[in-house]
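Protein chains in written order, with the working numbering: chain A, 1012 to 1120; chain B, 478 to 667.
No lab work stands behind these hints: they were computed from the structure. Honestly, I wouldn't trust all of these hints.
Examples of chain A residues toward chain B, derived with CB under 8 Å [stated by the list, open to error]:
| # | residue |
| --- | --- |
| 1 | Ala1026 |
| 2 | Asp1030 |
| 3 | Arg1032 |
Where a beta carbon is used, it is the ideal one built from N, C-alpha and C, also for glycine.
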Amino acid sequence: MNPPDDDHLDTLLRAAAADSRPAAWTSDAARGIEARVLKRIARPESWSEALLSMTSWRILAAAAAAVVVIGVWSGRNTADVFNEEWLSSHTGAEHEDGLSTTGLDDLEF
Amino acid sequence: MDCEESMLPADVIRSAQAGDDGAFRVIMRACKGRLLGMASRYVQGASELDDLGQEIFVHIWKGLRTYRFDAPFPHWLSRVAVNTCLTHLKRRQRRWSLFVNSEEPESLERIADPSPGDPEAAGREAAERLRPALEALKPKDRLVITLLHLDERSVAEVAELTGWSESNVKVRALRARLKLKALLKEYEPA
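Using the sequences and the accompanying hints, generate a full structural model.
See the structure below:
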């Protein structure tokens, strides 16, 4: 086989255009495809399908949205640590349950 | 029924746009031959073509409401099919680059020279010789080579199907041919 020049490439492409297999695949795949498509569009898209069908800008948008959501969520939690009201409301719940450790000294054994 | 403008009445298209799957079935039945035939150049068998064909029709279904009757319906369908084929090629290339570091081209030595007396075998053998080089091309380069040389469409038709300008199609085709020649040289034993 010789390395292809322009003529060789054109000959190869013309011969490949006459390949009959794609026509055979077409008639095989066409058989009953309407039912398979209608079944597919009747059910909701699964998560894996949605992820696989994502184009690059969608992946970027999803990643950006995840960063924003996590940022907002973790930002609020970080703020809660320095929030006296939040701290007292959470520690105060323990007093209401009677589980406070402050009265241990008053207990008689 | 054939996938021609005259064979797909506007009321069938409007019903499908409104969500009537019976009308959509009529469109699929009329156009599956044309659209699957276009897609068949980008796959390696009937099973992959079945998946790609379903993908094309799902995209058509989802985008049907955006069709405004400003272009012939079969052209619009073909454009959706070409875009879906391009996405399929990109996705396949991405998967390969993720899982395979260096795709070894299939050995061409096992493929005999085309038999002069058997055009069917010659076509199959030529397609097999081209396949590894086509697979190695960038998706858009492969698309333009396939549309121009394997589907034997004109530059104007390719421009209409892809949405690129005619000069863009010509430049891309020229570059793609050069790449294809280089790849064939690389893959074929001297």
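Legend entry - Restraint outcome when A:Ala1026 is required to lie within 8 Å of chain B by C-beta distance: Holds, because the Cβ-Cβ distance from A:Ala1026 to chain B comes to roughly 3 Å (cut-off 8 Å).
Inset, instruction - Double-check A:Asp1030 for me: the hint is only fine if its C-beta lies closer than 8 Å to a C-beta in chain B. - result: With Cβ-Cβ at 4 Å, under 8 Å, it holds.
Legend entry - Hint status (Cβ of A:Arg1032 to nearest Cβ of chain B, threshold 8 Å): This interface hint holds because 6 Å falls under the 8 Å limit.
In terms of the numbered hints stated before, the structure departs from none.
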